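Chains as they are written, first to last, in full-length UniProt numbering: chain Y, 1 to 146; chain L, 1 to 338.
Treat the hints as calculated values from the structure; they're not laboratory data. All values reported here derive from a predicted model rather than from experimental measurement. Honestly, I wouldn't trust all of these hints.
To be verified - Just the calculated beta-carbon pair ranges, DEER-fashion:
| id | chain 1 | residue 1 | chain 2 | residue 2 | range |
| --- | --- | --- | --- | --- | --- |
| 1 | Y | Phe-9 | L | Tyr-25 | 49 to 57 Å |
| 2 | L | Gln-65 | Y | Phe-9 | 48 to 56 Å |
| 3 | L | Leu-67 | Y | Phe-5 | 15 to 23 Å |
| 4 | Y | Ile-134 | L | Glu-227 | 43 to 51 Å |
Backbone N, C-alpha and C fix where the C-beta goes; we use that ideal spot for every residue, glycine too.
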Amino acid sequence: MGGYFSELFSGTKSLIDGMWVTLKEFPKRPVTLNYPHQSVPMYRRYRGHIELIPGDEGGTNCVVCGMCERACPSNCITITSEKPEGSKKKVLTGYRLDFTTCSLCGSCVESCNFNAIRFSNEYNLASTRKEDFIFDLMARLKEQQS
Amino acid sequence: MSLTLFNVILAVFVVICFVALNAAYLVYAERKGAAFFQRRPGPMENGPWGLLQPIPDGIKLMTKQLLVPGGVDKAVFITAPVLAMFPALVSFVTIPFSSSIVAHPIEVGVLLIFAFAALGSMSLLVAGWSSRNKYSMISSVRAVSQAVAYEIPLMITTITVVMISGSLNLTDIATRQLDGIWAWHIWPLQADVGFNLLMPVSFLILFVCSVAETNRAPFDLGEAESELVAGFHTEYSSMGFGLFFMGEYANIVIGACLTTILFLGGWSCPFGDLGFFPLTHNVGWFLLKIYLIIFVFIWIRWTFPRTTIYGLLNLSWKYLIPISLFNLLLTAALLKVF
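So here's chain Y without its partners, still in its complex pose (with noise of 0.2 Å):
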């Protein structure tokens, strides 16, 4: 009989304690986000794929050296450049990543020499179609500096 009434108090007593362990919760602010309108701010140091650098003077840094060009295992980057005329430098016309066989080891952008590549913060990427994971990054920098 002894057991039954310990039971039972004991019993009734941790219900209650449960109670007001979620009844303190309840009047606190959320801690998750109202996700597709509010996300949380990307790490500076977050590694998504690679994105051109602007220019001091506008444009990019890039030397069209192909460093990063040679430098990527997974053959990702093609760089194309012109010459324009009396001019001693080439210029840089498109850079294409082809991120679908991107492993971000980031060799490219430990190759660059000249400050033009870097690291973005770019996540939000889901698609159902291959051609959105190849990008044009001269035409993304573009978009960037409008």
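Fit chain L to the known structure of chain Y by using the hints.
Using the frame of chain Y, we list chain L on its own:
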């Protein structure tokens, strides 16, 4: 109030609106409550704070395909959801929302509500039985054993209150408690209850039983998702399921109404009769009380994990029934003495 045809139609219309609105917005309250207890924002997309969420929910439910699986006992299968909704609707007829707002005061109102509550668990039985699904079958057996176990202490506790007030009429029971908060049956040591110390315990028993009667967590063994898919309504789609759903929420409201009338003074103002309208005894207090009780239902649901079927039956047979019986005898003795 005379029972004219117009009154009856009006009452039925108002009750159906009340039940449907409650079902729709209690689901919303349930989701918001769950969200707040778990520190989430809850539904936010439709309307401000997601307030219009019940409308698309209802449309979704109604436009789904109504499937009757092969091999079911068709007549019974179709009757079961109606049987779940109908008693819940009828029970509202006799529940007084205030001294004047009652569809039809019946002398044996308490008895009527319990009779129809039993019919409600009957619907779970036939739904599971006719579904030709072993999970539904197990679920309906569980639901019935649970209903039997919890109706006993529920009724014994109600008899205790009926003995105190000397009437089976819900209006009379509530009218006895109109003298402010200390006249409510929940408090111990009241003069006209014979200074019974155990009245709060009685209230607690009634409350636990009404949670169990409505098949809500932590007593939702009938639809234990982790074991029985969805229990008795596994095979029901569209409005078949919708009727079970509405019946369940109507039952919650009835449970809250009953608790309010029997123990919390019905529509009485906690401060006694103050003389000016908004604070005098009126329907506002009644609604406030039932929604507070429903809040506690939601609070309980999102606090406790589901019990086992043995724990559930043990709680009833080993604790609730003996204690409620003891309190019945004690009340009878005290009423005789004082």
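So, going through the hints one by one against the coordinates:
1. The hinted range of 49 to 57 Å is not satisfied by Y:Phe-9 and L:Tyr-25, whose Cβ atoms lie roughly 38 Å apart.
2. Evaluation of the 48 to 56 Å hint for L:Gln-65 and Y:Phe-9 yields a pass: the beta carbon distance comes to about 52 Å.
3. Distance hint check for L:Leu-67 and Y:Phe-5: the Cβ-Cβ separation is about 51 Å, which falls outside the suggested range of 15 to 23 Å.
4. For the pair Y:Ile-134 and L:Glu-227, the supplied restraint of 43 to 51 Å holds, since their beta-carbon distance comes to about 49 Å.
In summary, the numbered hints that this structure violates are 1, 3.
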